[in-house]
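Put chain B on the given structure of chain A with help from the hints.
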Amino acid sequence: MFRGKRRAVVLVAAACTGALLAVVLLAGWASGGNSGVSYLDGNTNAVLYATGHRPLAPDFTASTLTGSRLSLSSYRGRIVVLNFWGSWCVPCRAEAPTLAAVSGQYQRTGVAFLGVDVRDTTASAEAFEHNFGITYPSVSDSSSQITLAFTAVVPVSGTPTTLVIDRTGRIAAAVFGQTTYSELTAMLATVTGKAG
Amino acid sequence: MTDVRIPEADPFDAAADEQDGRLAGPPAAAPGGLGLAGWLRWAWRQLTSMRVALVLLFLLAVGSVPGSILPQQGTDAAGVQQYYAAHPALAPWLSRLGLFNVFGAPWFAAIYLLLFASLVGCVVPRTFRLVGSARALPPRAPRHLTRLPHSAEYSVALGPQDAVRVAGQVLAGHGFRLRGPADGGGSPDAAEPWVSAEKGYLREVGNLLFHLALLGVLVSVALGGLFGYKADRLLVQGSTFADTASDLDEFYPGRLVSAADLGPFTITLDSFEASYITSGSQRGQPSSFDAQVSYTAHPGGPVRSDQLEVNRPLSVDGAKVYLIGHGYAPEFRVTDGRGQVVYNGPTPFISGSSGNFLSEGVVKVPDAQPEQLGFTGIFVPTAVDVDGTLQSAFPAADNPVVSLIAYAGNLGENSGPAQSVYQLDTAGMHQLTANPQVLQVGQSLKLPNGQGTLTFTGYVPWVSLAITHDPGQIPALICGIAALGGLLLSFMMRRRRVFVRARAESGGGSTVRVGGLARTDASGGFEAEFASLADELRSVHRAAAAGGQADPEPDPQSEAEHRQHEGK
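Chains A and B, in that order, are what the protein sequence lines are. Residue numbering for the first sequence follows this note's numbering, beginning at 238 and increasing consecutively. Residue numbering for the second sequence follows this note's numbering, beginning at 4 and increasing consecutively.
Looking at chain B on its own, in the form it has when it is part of the complex:
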């Protein structure tokens, strides 16, 4: 960003700009006594200055720091609640400042909108200038070519006009853009004709490409933010979900995305298997995940199968579906006090920090009679007893058990706000079992007072999927590559100019002066290029003089006397 803005005053281009009737911009001084328009123009110039852009970029970086330190509403709502509980005085103030939703906060939006305006305001005018620069003719030949960094001088038995014409042909043959006295309003100078030649306009093309691609990146990112979406879905083996707002667990739409814009695909998790390393120091680390899914891109469409792996997403209907996690869903059957089966199915448990997929979860049975039932518990895939506490020794389900505490009473689900399916509000409930009850697959827990029975019937795996749709992703990639290409082009290409003047000598023939300069010559290649060009010009001139006509055939072995000046 920073190194591509050409300074307002460009010492190299000053000569060229002068002739095009342009000047470098004035310093952005504060306007004294200017009207509203003046102030606005001043503000715009300030906004689009590199200094302000850098300050905004810095602010953007600083502003996103709280987003990584504090829990964020969108990604970690539970963390925000915990923070509220831990800091009851501070949290409301942080919330007022938008620090729990940094990336949606007005002040954050203000920073990036200003930065966007600053970049657009810089890049668009630069683009116009670069177009002008890429189309510009070479400047007039300076009067004193020997003062240029590279110069050569020799005599030749040709008239000045012929010498310059031949030189022009040679330079044009090397891809130089030419300008003679006739091209620029300068009066033809019979006594000392000249030709200017310039090469390396690709540098400007590269620069232009970089700037346009940069705008493209900005637009692509905006496109993704406006029309893209992110969503999460936990999917139990054997079940199906559809990409609709109502069937997703979390849905973060872009600004201009509505529920109707979601791709109408459905995905079924047919099976999921995780393999783990069973020995050595890596024991318990996953060795492979394999999620077999079948999906339809649209209702009634053909059913396709695919295999989801970590970092190998499924592309469907413009969205990408990533496998981002997995776990266990123990299956329970609950019979209530009347003998009715009121719950029968898998319940996803979420693995916590204790490792080896020791997972926590709750079972809510709101339609049990005579009282609603609730269970909190853990699922342990490979249970071992360590000093009286259950721990998981391995992530695979080698010795699966659940340990549950049963409650009865009011779940608080018949009215009020929506509840998390992973939390049990026990405020209106009473505990039925004094201690956690450990069950193996097939075992039952008979509840006291004839409240019913819970049976641990088995377990199935679940996967969590992240669905992302970013229409700006491909354009951003293309623009990014184009920007890089443009940058490389503008770094590697040099603008170099060669001037030739010929002055008639009293004894017939003429003195030819060749001068050259390169704009940026970090690699030092121009010196050799100029020397070889000067040699070629001289030998072609000699050959033309000898043959009586222009014959642009280079003769590098020619060793006529010439002087070559280095520096000034």
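Just chain A, same shape as in the assembly:
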């Protein structure tokens, strides 16, 4: 009788510990799962969102580096490449020539490029744009509101982050980190529907 009781207690304790561990492991595992998402060439930092699984890009109105007001919603109907950057950020500097080249290449196809300048000063940012020959506009995110709004829909973890927003204003692709020419053009080909 005593043995049975003791064993039951041991079993209950073991079950409790096991259940706790299982919950922890499951929670960790489940947070990694997501549907409607594919990766470009197996790179988990280059994400394609399938139609129907595209998060809505939050609209914003902010001042550009040159002082005019600009809204994301004014680009509705066009594909927008939105690039979060800072002049102080080493990978942003490394990818800047790529962005300058691709934006020039896609100018006639109606794809718009737009920068979001993060944790920067206007003087440094303008010098950066001038230096890398970047001609598309950038808005200043000095109050971090744009970063905050986008973090709520896609896991922006820092600069650089590049998002491709489709004609309906939904995020179709994202590169978290430094992007490359081949990634960017492959994503634009998918979103514009001119793949291959």
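Because the hints were derived from the structure by calculation, they are not lab data. Some hints here could point you the wrong way.
[Said to hold, decoys possible] Partial list, derived from the structure: chain A residues whose beta carbon lies under 8 angstroms from chain B:
| no. | residue |
| --- | --- |
| 1 | 325 |
| 2 | 331 |
| 3 | 335 |
| 4 | 337 |
| 5 | 368 |
| 6 | 371 |
| 7 | 372 |
| 8 | 382 |
| 9 | 385 |
| 10 | 388 |
| 11 | 389 |
| 12 | 392 |
| 13 | 394 |
Beta carbons: idealized from backbone N, C-alpha and C, even for Gly.
Quick look at chain B alone, frame taken from chain A:
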């Protein structure tokens, strides 16, 4: 932890346990020739033993020693790099053993997970036993009550059944839990009826509360480790930051925290002022800090204002924001060789060990033409010249100067790994100025060869903020208080038992024997309690005998003959 585990063999409870069909546990002997299940059970019993828990606790303490001696990756990455430079042979081995990241090392995790399992494995079965103990009926009355530590005996002109019934009423009136022969399977004994009474079950309730609260503390701490986060942010006066992973300087998320879980608040530093004691032996010590901030709890929410002080954090969106440091950010404007303004703004300088906020920093101008520019320098809030070296005489900015060395060349920022904003890699650069150039506010440094001009335009303060979110904090506090309450309850309450037997006497009436014992009587209060109870029982019995019926009215002045035995 250690003093609440009741020993396996409990001499006091042995009698009670026997009657409930339970026995004390066997010694945890090594199993000889047992199967896998036997070995597992043996291992579990070892793990949950107090000895192993103490060893694990000791290991946890010893294991965290390197964490306080060696620089740690998370909190002092620069210190780790310095250690690598100073001990190139030893450092890789220490790194392999995880000694630069002790609290994230697998062996450290193994210790605390085992300790957690040990505590859970101990506390959960104890909890079941305590529930049983709290619900148990008092044991049967022993046959020889005079052998108990406290006993009394007297004669009364009542029948044994009536005497025991009256005694039961009196004891129940004092909040005792009763057990008679009918309650425990014992056959009613007409010749010598008895009643057992026990009080002080709150002790078990306290014990139970302590154990459950202890589990609660463990779960709370785990909750904080899994779902909490810590972050740091340096914020220059006039600027704003958002609580997002990309906008924090350092971010240490819990195991199950992702960037999307951060509270979406923003904080702007409107102003910061530090006051210092200006005279006496305390000269230079801070007398007050005052950081005025405005914040929004979520995008588009109302803007609120608050004042941050040391040890008075701002609570916003479930997180606490502490003011942990401050410093100066000198403002520079840099014009490059083409006459373009390529840098214009404050640059945080970090105060070192030299005191009085003599601060070091670097200015990087990656987009200057024709060459990239870099400056290393110091900011001195109250500059004095001591034998040709600049020193700071006071922490307030009474005579602010900067002293800079200019470089030109390749900053190494157009490719490669991310750089610290507080360090200048001069490997690809050449020095433009032979000596440090001292500037006061408004003064300019003209660089040679038409490379441009740097102007020291002013300075603003900065604060460093620590943001912590610990969802386990409040539950841990509540559980901690509950554990303390339970512990106090279990220390202050005593289980005490009183037994009454009545035997019929040949000349009518009966002899009443009262016995009592207390489990732990460190404060010695039970002796007096028992004496007063015995007195009350006797007088109520007398009154009942005189009035012909039970009338439980105490009469402490009664002075009938009785004997009271002390000890055995």
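For each hint, the structure was consulted:
1. 325: holds, 7 angstroms
2. 331: It holds, given that the least Cβ distance between residue 331 (chain A) and chain B is near 5 angstroms, below 8 angstroms.
3. 335: It is violated, given that the least Cβ distance between residue 335 (chain A) and chain B is near 12 angstroms, above 8 angstroms.
4. 337: violated, 13 angstroms
5. 368: With a minimum Cβ separation of about 4 angstroms from chain B (threshold 8 angstroms), the hint on residue 368 (chain A) holds.
6. 371: Violated - the Cβ of residue 371 (chain A) stays beyond 8 angstroms from chain B, reaching only about 11 angstroms at its closest.
7. 372: violated, 16 angstroms
8. 382: holds, 6 angstroms
9. 385: With a closest approach of 4 angstroms, the residue 385 (chain A) hint holds.
10. 388: holds, 5 angstroms
11. 389: Since the shortest Cβ distance to chain B is 7 angstroms, the answer is holds.
12. 392: Residue 392 (chain A) check passes; min Cβ-Cβ to chain B is 5 angstroms, inside 8 angstroms.
13. 394: Holds, about 5 angstroms.
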